[in-house]
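**Q** These protein sequence lines are chains A and B, in that order. Quick note: the first sequence, position 91, residue 91 per the working numbering, numbers continuous. Quick note: the second sequence, position 140, residue 140 per the working numbering, numbers continuous.
Think of the hints as simulated: they come from the structure by calculation, not from any bench. Check each hint, because a few of them may be wrong.
Stated by the list, open to error - Partial list, derived from the structure: chain B residues whose beta carbon lies under 7 Å from chain A:
1) Ile41
2) Arg44
3) Thr50
4) Asn53
5) Val56
6) Ala63
7) Ile67
8) Lys72
9) Val75
10) Asn79
11) Val202
12) Gly208
13) Val217
14) Val218
15) Ala226
By construction, the Cβ of each residue, glycine as well, lies at the ideal position given by its N, Cα and C atoms.
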Amino acid sequence: MLRVWRIYKAYIRINWLVNLEYRINALLGLVGVTTLNLVDIALIGFVLSRFETIAGWSFWEIVFLTFFYIIVLGLENIFAVHLLDLEEHIRSGTFDRFLLRPVSPLLQLLGQELTVRYVDHLILGSIGIYLAYVNLGLHWSWSQWIMFLVALFSSVVLLGALVLALCSLAFWTVRSSPFVFSTIEIQEAVQHYPITIFGRPFVFAVTFVLPFAFMNYYPALVLLGRQSEAIHPFLPYASPLAAVIFSLIAFAIWRMGINRYESTGT
Amino acid sequence: MWWPKSPDRQISMFSVTISSIIRRPISVVFAFAKIAFQTRIAYRSAYWMTLINMLVRMFAVGAVWDILMRSKPDVTDINRAAMISYGMLAVVLAQVLTWWDGPHVYVIDRIRQGTITTDLRWPIYFPIQIFARSLGDSLAALITCVIPGYLFGLVLLGLQPPVSLAAASLFLCSLVFSYVLMFQLNFLLGLIGFYTLRITGVGHFYHGIITLFSGVVVPLWLFPPALRAIANMLPFSGLFSTPVSVYIGKLTGIDGGLRLFHQATWTLILSIIIGLVWRRTYHYISVQGG
Numbered sequence: 001m002l003r004v005w006r007i008y009k010a011y012i013r014i015n016w017l018v019n020l021e022y023r024i025n026a027l028l029g030l031v032g033v034t035t036l037n038l039v040d041i042a043l044i045g046f047v048l049s050r051f052e053t054i055a056g057w058s059f060w061e062i063v064f065l066t067f068f069y070i071i072v073l074g075l076e077n078i079f080a081v082h083l084l085d086l087e088e089h090i091r092s093g094t095f096d097r098f099l100l101r102p103v104s105p106l107l108q109l110l111g112q113e114l115t116v117r118y119v120d121h122l123i124l125g126s127i128g129i130y131l132a133y134v135n136l137g138l139h140w141s142w143s144q145w146i147m148f149l150v151a152l153f154s155s156v157v158l159l160g161a162l163v164l165a166l167c168s169l170a171f172w173t174v175r176s177s178p179f180v181f182s183t184i185e186i187q188e189a190v191q192h193y194p195i196t197i198f199g200r201p202f203v204f205a206v207t208f209v210l211p212f213a214f215m216n217y218y219p220a221l222v223l224l225g226r227q228s229e230a231i232h233p234f235l236p237y238a239s240p241l242a243a244v245i246f247s248l249i250a251f252a253i254w255r256m257g258i259n260r261y262e263s264t265g266t
Numbered sequence: 001m002w003w004p005k006s007p008d009r010q011i012s013m014f015s016v017t018i019s020s021i022i023r024r025p026i027s028v029v030f031a032f033a034k035i036a037f038q039t040r041i042a043y044r045s046a047y048w049m050t051l052i053n054m055l056v057r058m059f060a061v062g063a064v065w066d067i068l069m070r071s072k073p074d075v076t077d078i079n080r081a082a083m084i085s086y087g088m089l090a091v092v093l094a095q096v097l098t099w100w101d102g103p104h105v106y107v108i109d110r111i112r113q114g115t116i117t118t119d120l121r122w123p124i125y126f127p128i129q130i131f132a133r134s135l136g137d138s139l140a141a142l143i144t145c146v147i148p149g150y151l152f153g154l155v156l157l158g159l160q161p162p163v164s165l166a167a168a169s170l171f172l173c174s175l176v177f178s179y180v181l182m183f184q185l186n187f188l189l190g191l192i193g194f195y196t197l198r199i200t201g202v203g204h205f206y207h208g209i210i211t212l213f214s215g216v217v218v219p220l221w222l223f224p225p226a227l228r229a230i231a232n233m234l235p236f237s238g239l240f241s242t243p244v245s246v247y248i249g250k251l252t253g254i255d256g257g258l259r260l261f262h263q264a265t266w267t268l269i270l271s272i273i274i275g276l277v278w279r280r281t282y283h284y285i286s287v288q289g290g
């Protein structure tokens, strides 16, 4: 385990040095992600200034929902955006390299880089959450802060697992980005609105099949005191459990994929 | 023709060939459309991805307006069905009125690969050539995404047909202007690429502006009054707000005519700007390459 950690650190350090060269890109990224998300939230703001609430959620509660998701997205991308490269490695045959080295291929893939430019999501997300916290007049106790951090951590792991599972499909289909990018609009919907407005089938889908709802909705139910809205009273607290279960599933798919990849010998 | 003619070396050098192509502009567009179709067939998974995302978005947008309009039906003077139609139609039309993809993306790719020189050597005035390309692309998108999406909406998601025959025909007129406007804005953005070699930074900003001011997500009449006044003057309101408002019957008679006039005016202004900017850019390239 210690060895794994040392290797990971070495990988990350090398790429950190490479990354320093791309400061301007990072700055442009921050401007970009801020513009786009501000526009999104402003539009919801215009609508809610007329309609007041959506399914009982006020504007600042929506802000909380949206920006919690942005933090999760940022953290997951910092650590795991290179999972998306998997299909390219498989297609071009460079994945063989990963298998020849005496280090877990998954570690090599994740250790390519800490993608620091996604810190912009973190900054933006934190500002959003802070504004929501103030405007909603929240006063979290110790335990609620811990719950917030646990939920955040679980969500990041869960999103990572989901992306790993979808990307691992490339072992069978060679291309996996269509699977990942087909979920974009589902993610958009989950990110911006309380999922109950989309009906029960949708709620089930984003809870049990593509569990995006654990990345902002269920944590928000706990942290905003809306637990009663969940289809089951345990679900708002289930982010850590979901993270564990989906990590195991994702890892199993990944292992199956690798075994299959070896057997084809391409 | 909306585009300005300019005495351009590109044309005069190839005056023999151009006459034969100008005579058959339709066939050029269809040739591009054929290429676009073939690309879509070659990248079938990308097509399914686009289609799934569009349908999910239509469903989501419909659900949002549905719950909002049920909670407060008298916020605007149109009914729930019309509001849902507005949202869904905008989503569908966004497949041909694209701002994240389109001529600017094509131009910048070609500039970065250096293959833009091939395009410039074509015996067709560059903006027209790129327009024909976009038109071909959009024709493919119309048949593979817009029409299926629209029918899906009509049958399953509660998208309403146009309120009247008059609204339908005015909508189609307005849509033509929207299409040209979208192309012109995209093309101008692409021209920036000739100077900067990248449009990522400006691109984000552009994306934000269009999303905010075009009415693609939220109809402009729900904006705060001051912002609505500004949005209505800008060219972006001609992209989605005008045609879709006409479609649902929110915009009729004189008001509708005025909004179409607004679209036409901006089309003209942008044509002139494109003519001037392109002439400068063309000389800039000649100097660079010469």
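**Q** Now look at each hint and say whether the structure bears it out.
**A** Consistency of the hints with the structure:
1. Ile41: 15 Å, violated
2. Arg44: Nearest chain A Cβ about 9 Å off; hint violated.
3. Thr50: 9 Å, violated
4. Asn53: Cβ of Asn53(B) sits 4 Å from chain A, so the hint holds.
5. Val56: 4 Å, holds
6. Ala63: 5 Å, holds
7. Ile67: With a closest approach of 5 Å, the Ile67(B) hint holds.
8. Lys72: Check passed: Cβ of Lys72(B) comes within 5 Å of chain A, closer than 7 Å.
9. Val75: Holds, because the Cβ-Cβ distance from Val75(B) to chain A comes to roughly 5 Å (cut-off 7 Å).
10. Asn79: The hint is violated - Asn79(B) has no Cβ within 7 Å of chain A, the shortest such distance being about 15 Å.
11. Val202: 9 Å, violated
12. Gly208: 4 Å, holds
13. Val217: At 5 Å from the nearest chain A Cβ, Val217(B) passes the 7 Å test, so the hint holds.
14. Val218: 5 Å, holds
15. Ala226: Ala226(B) check fails; min Cβ-Cβ to chain A is 12 Å, beyond 7 Å.
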